[in-house]
Amino acid sequence: SQQGEEDPQALSIQEGENATMNCSYKTSINNLQWYRQNSGRGLVHLILIRSNEREKHSGRLRVTLDTSKKSSSLLITASRAADTASYFCATDSNYQLIWGAGTKLIIKP
Amino acid sequence: KAGVTQTPRYLIKTRGQQVTLSCSPISGHRSVSWYQQTPGQGLQFLFEYFSETQRNKGNFPGRFSGRQFSNSRSEMNVSTLELGDSALYLCASQQRGVDQETQYFGPGTRLLVL
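Chain order of the listed sequences is H and W. Everything in the first sequence is counted per our numbering, starting at 1 for the first residue and increasing by one. Everything in the second sequence is counted per our numbering, starting at 110 for the first residue and increasing by one.
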C-alpha cells in the first residue's frame, strides 16, 4: 500500500525557475525522506526530515514538514536540466519504506 | 566503496517460470530491502533482511520469497511467474537497518514476463 499522494503528478518548468512538489501521508511518522529517480542514476536519497523538525535545507533543496497536516513539501530552487527526474517521498516504519506515488519533474531548457 | 549491485539487469521470462534475482549490498551493510516498482502500483515493499533474518514482509503472495547469506548478499525468488510480475525490482542496503538511516539503492533488475 502507498503512504500517500504526491502533488502534482507532473510538473514542467523552465530552467532557472523554482519547483515545488508536495507529499501527504496517512499515518504518524518518525521521519520523512525524499528520493529522486532518473534513468541515469537510479533511486537516490536526497534529504531526511525528522518528525520534530519543521524545515531542512540541503544545497538547492528545501524541505518542510507539517505533522499537523500530515504533509511535506520539497522546493528545488534555480532548477537545472539535470533535475529532470521523478521525486518520491517515503516514510519508514518497521524496517520498510512506504512510498508516495511520485512527481515527475521536467526542466525545459 | 562500491555501490549496491544487482544482477541481472534485465530479464525476460515466460508465465509459469521462476526467477532468482541477486543483490550485493555496500560493503559493511547488513540490511537489505527489496521493492517492486510498477507504473500502476508505484514502489511497493517486498521484504527486509538483517543478519540473515527476515524482519518484515510486505503484502505480496507466497510466490515471492527471499533470503540473505552470511556475507549480506541477498536473493529474491519469484515462482510461477505471472504477467503482472513484470516490474523493476530494486534492492537497497543500509548499514544497521534502523529507521532514519539512509537506504542506498541498486540500479534494479527489470523483469519482463511474457
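Think of the hints as simulated: they come from the structure by calculation, not from any bench. Beta carbons are placed, not taken as given, at the ideal position from N, Cα and C, and that holds for glycine. One or more of the hints may lead you astray.
What the hints assert, rightly or not - What follows is a set of in silico ranges between Cβ atoms, one per label pair, in the way DEER data are often shown:
1. W:147 / H:66: 27 to 35 Å
2. H:56 / W:171: 25 to 33 Å
3. H:80 / W:211: 44 to 52 Å
4. H:14 / W:170: 42 to 50 Å
5. H:80 / W:131: 28 to 36 Å
To be verified - Facing chain H, a subset of chain W residues (Cβ under 10 Å, in silico):
6. 111
7. 119
8. 135
9. 152
10. 178
Quiz item: Quick one, is the residue 111 (chain W) hint okay against chain H at 10 Å, beta carbons?
Solution: This interface hint is violated because 14 Å lies over the 10 Å limit.
Quiz item: Regarding residue 80 (chain H) and residue 211 (chain W), is the given constraint of 44 to 52 Å on their beta-carbon distance met?
Solution: 23 Å, violated
Quiz item: Is the hint on residue 119 (chain W) kept, meaning its closest Cβ partner in chain H is under 10 Å away?
Solution: 13 Å, violated
Quiz item: Should the hint that residue 178 (chain W) touches chain H count as held when the rule is a Cβ pair under 10 Å?
Solution: 19 Å, violated
Quiz prompt | residue 56 (chain H) versus residue 171 (chain W) beta-carbon gap, inside 25 to 33 Å or not | solution = For residue 56 (chain H) and residue 171 (chain W) the Cβ distance comes to about 40 Å; the hint is violated.
Quiz item: Does the Cβ distance between residue 80 (chain H) and residue 131 (chain W) fall inside 28 to 36 Å?
Solution: Given range 28 to 36 Å: holds, Cβ gap about 35 Å.
Practice problem: With chain H as the partner, please determine if residue 135 (chain W) meets the hint condition of a C-beta pair closer than 10 Å. | Solution: 13 Å, violated
Practice problem: Take a look at whether the Cβ-Cβ distance between residue 147 (chain W) and residue 66 (chain H) falls inside 27 to 35 Å. | Solution: 30 Å, holds
Quiz prompt | Range hint 42 to 50 Å (beta carbons of residue 14 (chain H) and residue 170 (chain W)) holds or violated | solution = Since the Cβ atoms of residue 14 (chain H) and residue 170 (chain W) sit about 46 Å apart, the hinted range of 42 to 50 Å holds.
Exercise. Go through the hint on residue 152 (chain W) and say holds or violated, using the shortest Cβ distance to chain H against 10 Å.
Key: 4 Å, holds
Checked against the numbered hints given earlier, this structure breaks hints 2, 3, 6, 7, 8, 10; the rest are met.
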